[in-house]
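Enquirer: Chain residues, written in single-letter form:
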Amino acid sequence: MSERNPLLRWDYVVAQRHTIIAAVIEHVQLTLLTVVLGLAVAGVLAAVALRWGRARPTIGAATAALYTIPSVAFFGLLVPSTGLTRTTALIPLVAYTLVVLVNAILDGLDQVPPAVDEAAEAIGLSPLRRLLGVRLPLAVPVIVSGLRVATVTTVGLVTLAAIVGQGGLGRLILDGLRRAFWTPLTIGALLSILLALVLDAAFVLLERRIAPWSVRRPASRAGAA
Amino acid sequence: MQLELAQAALPRDITLAEWLLDPTSWTGSSGILPSLLDTLALCSAVMLAAVVLAVPSAALLAHLGRAKVLSAWLVNIGRAVPTFALAALLVPVSLRTGLGFEPWPIFIALTAMALPPIYLGTYTAVSGVDRAAVDAARAVGLRSREVLLRVELPLASSVILTGVRVAAVQVVATEPIRAFLGGDGLGRYVRDGLGQRNDTLLLGGAVLVAALAGAVGMVLSLLQRAIEPTGVRRLRPSVRSTRIATAASDLRTDPDTAPHASEPPGALTGAMTLTDDERD
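Protein chains in written order, with numbering that gives the first Met the number 0: chain A, 0 to 224; chain B, 0 to 279.
Please keep in mind that the hints were generated in silico from the structure rather than gathered at the bench.
All C-beta atoms in this analysis are idealised placements derived from N, C-alpha and C, irrespective of residue type, glycine included.
Possibly wrong hints are sitting among the right ones.
Claimed, not checked - Derived list of chain A stretches under chain B, where covered just means 3 residues or more per stretch with a C-beta under 8 angstroms from a C-beta of chain B:
#1 24 to 34
#2 102 to 114
#3 156 to 164
#4 171 to 177
#5 184 to 196
Start from the sequences, fold in the hints, and give me the full structure.
Expert: Shown next, in the form of structure tokens:
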């Protein structure tokens, strides 16, 4: 087995490069789509929590509950109604990002010092403009930290979306397992691990760029802002 | 082979309730009960390994105030690595080293997933213990090891247990991917349901997996409350530092920690630090 079926056969990788590249693109697309949709839904939920403060614990509990649904069960529960489609992959993926993103948005807004908001009010800004023009920009570093966690988690979960026929690199892994042919498995697994680490590193750089003070003194983030 | 067996055992037109209420669904080699025990056994082994690896090392490093940056790095990388991909990557490695298809790859991948929350919980909990309590413990003559075991760990226990619980729930929720990596466990029905396009099996399997994760989460929350040291639980409200300082000095009267013949040199320094802090 080891001669014909090593962990990685370069000739196969070269021959299948178009399939592999397509899988990477599909993986990245599904990840980005998930995070963008997740941010949009989280934004709406955060707005509801801000407008009606009493809804905040409920939203927190509901998004936390969604996060605890096992991924295999979540994908499985949807297949009878939505089939082996991208929708079936997207619903759980987006649902899993919400707990992190809603909390990031609300925590980010909470940590803006009240004095900043008062100053904005004193110069005559309306509540909406204070929120969107003053508090939200100051919350961006915290929101980006949330996006980092959501993105990296999603890369891993997209791999698993292969069980419902979606999600790029995971399909290479399952293909390799079914045929007991290790090259697609190794390539799929290595690339998805690499993708997660690269995106994580990219977010670290982004965090440093937009909030250099947070690297040195995480505790006084709000004060420095 | 297993796929065919499961298919033979379950006609297509059976309803979800019929499947779940039929005793024969629960017994037999591919039954729900053995699959459930299989899953719980693997998860227990994973948690045991993860706790043994993470809690002592994190507690000791936090006690010594070492490896802060390294810890953060490892935790971040550990969190970023996708569990399914890691387990898959280990399948051919496990086969080649003669360990077989199962369950080493999923065991290692799940352990790697459980380590970061436990390690981080322990590290932050121990390093977050009120310095006044640690200084007081030193001042009354506790040795470094005793400070860790009798003051820092008890005071950190609640946060440590939370980390362990979070990891356990994550492990139970992720274990079903094992069914897609050549193993069985409770995830097998989702896999077989997908493979056979049998919605009853698929939905039933998904419900079982979700119910187990929910049940484990609830049981562990109750368990955490039950095993938390009662003295520490009583500390929490109001004046934490004074109560903790009292608890530390109470240790002196404990026969197990009788005053030492020679006071460790750190004790005096500790006492001075304490008064210095109070003056600020």
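Enquirer: Take the hints in turn and mark each one as holding or not.
Expert: Hint by hint, here is what the structure shows:
no., hint, verdict
1, 24 to 34, "violated (count 0)"
2, 102 to 114, "violated (count 0)"
3, 156 to 164, "holds (count 5)"
4, 171 to 177, "holds (count 4)"
5, 184 to 196, "holds (count 9)"
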